[in-house]
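Given next are the chains, with one letter for each unit.
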Amino acid sequence: MTTKYNAPDIKGKYGIYGGKFVPETLIAALNELENIYNESIKSSEFLTELEELQVEYNGRPTPLSFANRLTEYYGKAKIYLKREDLCHTGAHKINNTLGQILLAKRLGKTRIIAETGAGQHGVATATVCAKFGLKCIVYMGELDVERQSLNVFRMKMLGAEVIPVTSGNKTLKDATNEAIRDWVSNVTDTYYIIGSVVGPHPYPMIVRDFQAVIGNETKEQILKKENKYPDYILACVGGGSNAMGIFYPFIDLPTRLIGIEAAGHGLDTEDHCASITLGDNGIFQGMMTKLLQDENGQVNEVYSISAGLDYPGVGPEHCYLNEIKNAEYSSITDKEALEAVKLLSKYEGILPALETAHAVAYLEKLMPATNKDEIVVVNLSGRGDKDLNTIIKEINL
Amino acid sequence: MSFISDNIKKINAENKKCLTVFLTAGFPAKDKFVDLALNVFDAGADIIEIGVPFSDPLADGPVIQHSSQTALDNGVTPELVFDYVLQIRNKTDKPIVLMGYSNPILKYGIKKYAQRAVETGVNGLIIPDIPLEEYDDFITDDFKNLDVILLTTPTSSDERIKTIDNKSNGFLYCVSIAGTTGTNNQFGEKTLSNLKRTYNLVSKNKMQIGFGISTPDDVKMFSPFCDGVIVGSAVIKSLWNEKDSKDFPNTISLIKNLSAACK
Chain B
924 MTTKYNAPDI
934 KGKYGIYGGK
944 FVPETLIAAL
954 NELENIYNES
964 IKSSEFLTEL
974 EELQVEYNGR
984 PTPLSFANRL
994 TEYYGKAKIY
1004 LKREDLCHTG
1014 AHKINNTLGQ
1024 ILLAKRLGKT
1034 RIIAETGAGQ
1044 HGVATATVCA
1054 KFGLKCIVYM
1064 GELDVERQSL
1074 NVFRMKMLGA
1084 EVIPVTSGNK
1094 TLKDATNEAI
1104 RDWVSNVTDT
1114 YYIIGSVVGP
1124 HPYPMIVRDF
1134 QAVIGNETKE
1144 QILKKENKYP
1154 DYILACVGGG
1164 SNAMGIFYPF
1174 IDLPTRLIGI
1184 EAAGHGLDTE
1194 DHCASITLGD
1204 NGIFQGMMTK
1214 LLQDENGQVN
1224 EVYSISAGLD
1234 YPGVGPEHCY
1244 LNEIKNAEYS
1254 SITDKEALEA
1264 VKLLSKYEGI
1274 LPALETAHAV
1284 AYLEKLMPAT
1294 NKDEIVVVNL
1304 SGRGDKDLNT
1314 IIKEINL
Chain L
4 MSFISDNIKK
14 INAENKKCLT
24 VFLTAGFPAK
34 DKFVDLALNV
44 FDAGADIIEI
54 GVPFSDPLAD
64 GPVIQHSSQT
74 ALDNGVTPEL
84 VFDYVLQIRN
94 KTDKPIVLMG
104 YSNPILKYGI
114 KKYAQRAVET
124 GVNGLIIPDI
134 PLEEYDDFIT
144 DDFKNLDVIL
154 LTTPTSSDER
164 IKTIDNKSNG
174 FLYCVSIAGT
184 TGTNNQFGEK
194 TLSNLKRTYN
204 LVSKNKMQIG
214 FGISTPDDVK
224 MFSPFCDGVI
234 VGSAVIKSLW
244 NEKDSKDFPN
254 TISLIKNLSA
264 ACK
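Chains as they are written, first to last, in the working numbering: chain B, 924 to 1320; chain L, 4 to 266.
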């Protein structure tokens, strides 16, 4: 392998995916963001400040835990868990919001907006806004406000204003539309902290780079423990930020990178959100992506039991990695994910988020084909406390 | 030469401003749309901008979002929009522009969409989520017989406005405010100074102002800094208020008043 992976290109494209499909009003703000980002990542002052926050506030590095009982259960490859559930606020989302709040500060913005699905990104944004004393507004689909009431309360406790969005099917896609409209209308004083590797360039790149701390730590930790790289890395994919974060440092290595989408009630039904698996090329929320849409190019109302995966598009870089076969993508149903919640709780004493459970559930499909001398890393992107309302309805104990 | 631009020049030569009226295709009722459009022309609209509905209209405020969703619920498809244009074109020569987001065009097939637009008598296209950065990849040679109309906003730099003017055909769409369509605006000094700035920078195209213009007074206020005005949300709101009427008398009279203010 001689050519090093170096997407995106200068136009913010990953192959044909990505780009800047936004109204003219936002172009100046996107260019401003790109400039400050490029400047900041070369500034030792910025990098030191971010590193300190990651260690002292977020609790990084997170452990790479050997899952001995789960490994015994399958009797095949060794399973490790990258413990992003142990991040401050309970998920990987804060890796990115800490980075972006520093960019917002450098740009002199005073008002922060964000979209949220499961509420994890909303909580992570509200948290850093509290920490930095900035005004925070979070857009959240009305349906998600209901199914993630615990996180809504947390955001309010943290001083954020949570605006329920009633358009569309009242989930993540609609919250994102509303956040973009807010940004168009308040672009001079407002910074939009996007929570995943989606949206117009430079967001997918910035979010990936701030999340790459997951993969960089994993690399170092696994070498120390096993003296070799993992054979497989599993991560769930909605927009795809935790997956991009752990995949990115491994792209040029032989490790098989597997992203798990949500198959909801099944790929043969209309109730899923497996964009890479079943979508086709579309332009949505500022990017060219794989999109679940109808024959007239209208965006589908998608479904997953997990609010964080419930999104009709996917990060453009995942579309590209799929196309150039540097990563592969599969899907897991609601039912399989719920089984994985039970399994991980019982065997490892860890209650995973419903999103994360999709990655754990894929072990069921992957493990029989692995060998004892192989290593699987599962990105444990978040903890499941927030999902208890949903889980209680689905699981009888 | 551009048919749209020639029309605006002719109107301006009579010491009038051009009035462009935005209608969402198939709104408020699918079967009344062609008659509505013809009546809007008769009431004084010089150009009609027909909105092709999209499920996720990012640049639009609540009024046009709602109209777009209503149209989708009514079963409006790009094919039906072309059918409307054909029917309107059979009765009038006045310019028709389609305003639509890029994804339905991509899904329809870029080449096929452009061809069908020309065939049915569309004169121009506005694609609000194709900025300069995506223009060259998206606007292929297939669009050569259509005016692709570009937008400037208060956040566009001077240099950018010149480039946009240079690439735009038909007219230049100057967005009055940094915001979504239908924003209730006080139009302060800052708005006016930005319009003056833009109007001074534009040399190739006629310039029309849109976003937040709803009354004859707004038209009068903007007249010195433009060649025409675009009214959307105010018309859509009026149509919704009288959606059950036979031929939308209040909307027609609104358009007559706006047209009078253009003189």
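Simulated from the structure, these hints should not be mistaken for laboratory data.
Since we're looking at a predicted model, the values are computed, not measured.
There's no promise every hint is true.
[What the hints assert, rightly or not] Which residues of chain L face chain B? A few of them, derived with a C-beta cut under 10 angstroms, are:
hint, residue
1, D34
2, D38
3, P60
4, K94
5, N106
6, G124
7, T143
8, T158
9, I167
10, N169
11, Y202
12, D220
13, S226
14, P227
15, F228
For every residue, glycine included, the Cβ atom is placed at its ideal position computed from N, Cα and C.
Hints, verified against the model:
1. D34: With Cβ-Cβ at 19 angstroms, over 10 angstroms, it is violated.
2. D38: violated, 24 angstroms
3. P60: OK, holds: L/P60 within 10 angstroms of chain B, min 8 angstroms.
4. K94: Interface hint status for L/K94: violated (26 angstroms vs cutoff 10 angstroms).
5. N106: For L/N106, the interface hint holds, since the closest Cβ of chain B sits about 5 angstroms away, which is under 10 angstroms.
6. G124: Check failed: Cβ of L/G124 comes no nearer than 21 angstroms to chain B, outside 10 angstroms.
7. T143: Cβ of L/T143 sits 14 angstroms from chain B, so the hint is violated.
8. T158: holds, 4 angstroms
9. I167: Where the cut-off is 10 angstroms and the nearest Cβ of chain B is about 8 angstroms from L/I167, the hint holds.
10. N169: At about 15 angstroms, which exceeds the 10 angstroms cut-off, the nearest Cβ of chain B leaves the hint on L/N169 violated.
11. Y202: violated, 17 angstroms
12. D220: violated, 23 angstroms
13. S226: violated, 23 angstroms
14. P227: L/P227 check fails; min Cβ-Cβ to chain B is 23 angstroms, beyond 10 angstroms.
15. F228: The hint is violated - L/F228 has no Cβ within 10 angstroms of chain B, the shortest such distance being about 18 angstroms.
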